[in-house]
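With the first letter of the sequence shown counted as 1, position 101 gets the number 173 in the working numbering; the numbers rise by one all the way through.
The hints are simulated quantities; they were obtained by calculation from the structure and are not laboratory data.
For glycine and all other residues, C-beta sits at the position ideal for the given N, C-alpha and C.
Some hints here could point you the wrong way.
What follows is a set of in silico ranges between Cβ atoms, one per label pair, in the way DEER data are often shown [unchecked claim]:
id	residue 1	residue 2	range
1	Arg-266	Glu-232	43 to 51 Å
2	Arg-304	Val-119	46 to 54 Å
3	Val-119	Ser-294	30 to 38 Å
4	Ala-92	Ala-141	53 to 61 Å
5	Arg-308	Glu-271	52 to 60 Å
6	Ala-302	Ala-141	19 to 27 Å
7	Ala-92	Arg-266	52 to 60 Å
8	Glu-301	Arg-185	35 to 43 Å
9	Arg-304	Arg-188	34 to 42 Å
10	Ala-141	Glu-88	46 to 54 Å
11	Ala-140	Leu-233	19 to 27 Å
12	Val-119	Glu-207	29 to 37 Å
Result set (SDA-like, lysine to any residue): computed pairs, CA atoms no more than 25 Å apart in a straight line [said to hold, decoys possible]:
id	residue 1	residue 2
13	Lys-109	Gly-95
14	Lys-109	Ser-94
15	Lys-109	Leu-97
16	Lys-109	Asp-96
17	Lys-109	Ser-267
18	Lys-109	Arg-121
19	Lys-109	Glu-86
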Amino acid sequence: ILEYSVPTVDGMREREARIAASGDLVTAVVRDVTGAKRAEAERNLHVARVEMLDAISRAFAGATLDYAAALDLAVRRTSELIGDLCILAELAEEDRVLVPLAAYDRHAPVRERVARPLAVAPLPAHGTPLEVVLELGDTFLANDAADSEIEQLVEPAQRELLLSLGVHAALAVPMRVLGRITGTLLLFRHPTGRSYGEEDMVFAQALADRAPVAIYAARLYSENQRQAEALRAANRNLELRIAQRTAELA
Numbered sequence: 073i074l075e076y077s078v079p080t081v082d083g084m085r086e087r088e089a090r091i092a093a094s095g096d097l098v099t100a101v102v103r104d105v106t107g108a109k110r111a112e113a114e115r116n117l118h119v120a121r122v123e124m125l126d127a128i129s130r131a132f133a134g135a136t137l138d139y140a141a142a143l144d145l146a147v148r149r150t151s152e153l154i155g156d157l158c159i160l161a162e163l164a165e166e167d168r169v170l171v172p173l174a175a176y177d178r179h180a181p182v183r184e185r186v187a188r189p190l191a192v193a194p195l196p197a198h199g200t201p202l203e204v205v206l207e208l209g210d211t212f213l214a215n216d217a218a219d220s221e222i223e224q225l226v227e228p229a230q231r232e233l234l235l236s237l238g239v240h241a242a243l244a245v246p247m248r249v250l251g252r253i254t255g256t257l258l259l260f261r262h263p264t265g266r267s268y269g270e271e272d273m274v275f276a277q278a279l280a281d282r283a284p285v286a287i288y289a290a291r292l293y294s295e296n297q298r299q300a301e302a303l304r305a306a307n308r309n310l311e312l313r314i315a316q317r318t319a320e321l322a
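Working from the sequences, and respecting the hints, build out all of it.
Right, dumping it as structure tokens:
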């Protein structure tokens, strides 16, 4: 069996040739296996993602005591498994904006040049395509580089930075805590990646459903630790004052 690729007007096609020889006669049966190969690749990708999702769930469980680690894990895994640029943002209802908590791009040069600046720049929450995510809990998807909605996902000051990547697709899914929408997991693809598909949407939502639980637990733990330390400091100060006063009265 011989497998090879053939360029066509529809792109590369996969061929499989079965060759048999009998005496001086050689016969070959050639068939197009492009669909079968793609289906196999999609099945393998699906299995890999399911396995990775299980691993991520366990990793999130282990990160619940470290707020920064939980945030980093969420954006890093999403960027690596779906691509390319991932921003995790929390809704600040009083300001009607999204506050980025973390950002990551699986490509190191982009991570330094774009992801880090976007990690500190507020995102518009209302009057933009993200309204369907934050108010209705729907998924936002744009796979057309000329779609003006992609530009509207960031503030004007950040648009040039974002578009300098040649972004051609965007995907946003809601994050929830205790049934309430608390933010979004926002993704952009630049020329190194393909368009987003149904599988990407489902997987992004699965990650977005898991990340907030770990982040919320880590934040709660950090706040409890801060309050406990403040209480210990107050107790130490009180004990010191009592000791000083006792010494004065002795």
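The hints, checked one at a time:
Range check, Arg-266 to Glu-232: about 24 Å between beta-carbon atoms, so the 43 to 51 Å window is missed. Taken as a hint, the range 46 to 54 Å holds for the pair Arg-304 and Val-119, whose Cβ atoms sit roughly 49 Å apart. The hinted window of 30 to 38 Å between Val-119 and Ser-294 holds, with their beta carbons roughly 36 Å apart. Taken as a hint, the range 53 to 61 Å holds for the pair Ala-92 and Ala-141, whose Cβ atoms sit roughly 59 Å apart.
In this structure the hint that Arg-308 and Glu-271 lie 52 to 60 Å apart at CB holds, the actual value being about 55 Å. A C-beta distance of roughly 23 Å is found between Ala-302 and Ala-141, which places it inside the suggested range of 19 to 27 Å. Taking 52 to 60 Å as the suggested C-beta distance range, the pair Ala-92 and Arg-266 does not conform, at roughly 38 Å. With their beta carbons about 37 Å apart, Glu-301 and Arg-185 fall inside the hinted range of 35 to 43 Å.
The supplied range of 34 to 42 Å is met by Arg-304 and Arg-188, whose beta-carbon atoms lie about 35 Å from each other. With their beta carbons about 47 Å apart, Ala-141 and Glu-88 fall inside the hinted range of 46 to 54 Å. Range check, Ala-140 to Leu-233: Cβ separation about 24 Å, and the 19 to 27 Å hint holds. Checked against the hint of 29 to 37 Å, the pair Val-119 and Glu-207 passes, with Cβ atoms roughly 35 Å apart.
Taking the CA atoms of Lys-109 and Gly-95, the gap is near 33 Å; set against the 25 Å cutoff, the hint is violated. The hinted pair formed by Lys-109 and Ser-94 fails the criterion: a straight-line CA distance of about 30 Å is larger than 25 Å. Using a Cα cut-off of 25 Å, the hinted pair Lys-109 and Leu-97 is violated, with the two alpha carbons roughly 30 Å apart. Restraint check: the Cα-Cα separation between Lys-109 and Asp-96 comes to about 33 Å, which exceeds 25 Å; the hinted pair is violated.
Taking the CA atoms of Lys-109 and Ser-267, the gap is near 19 Å; set against the 25 Å cutoff, the hint holds. Between Lys-109 and Arg-121 the CA atoms are separated by roughly 18 Å; this keeps the pair inside 25 Å, and the hint holds. Proposed proximity of Lys-109 and Glu-86 is supported: the alpha carbons are some 8 Å apart, at most 25 Å.
When held up to the earlier numbered hints, the structure conflicts with 1, 7, 13, 14, 15, 16 and fits the remainder.
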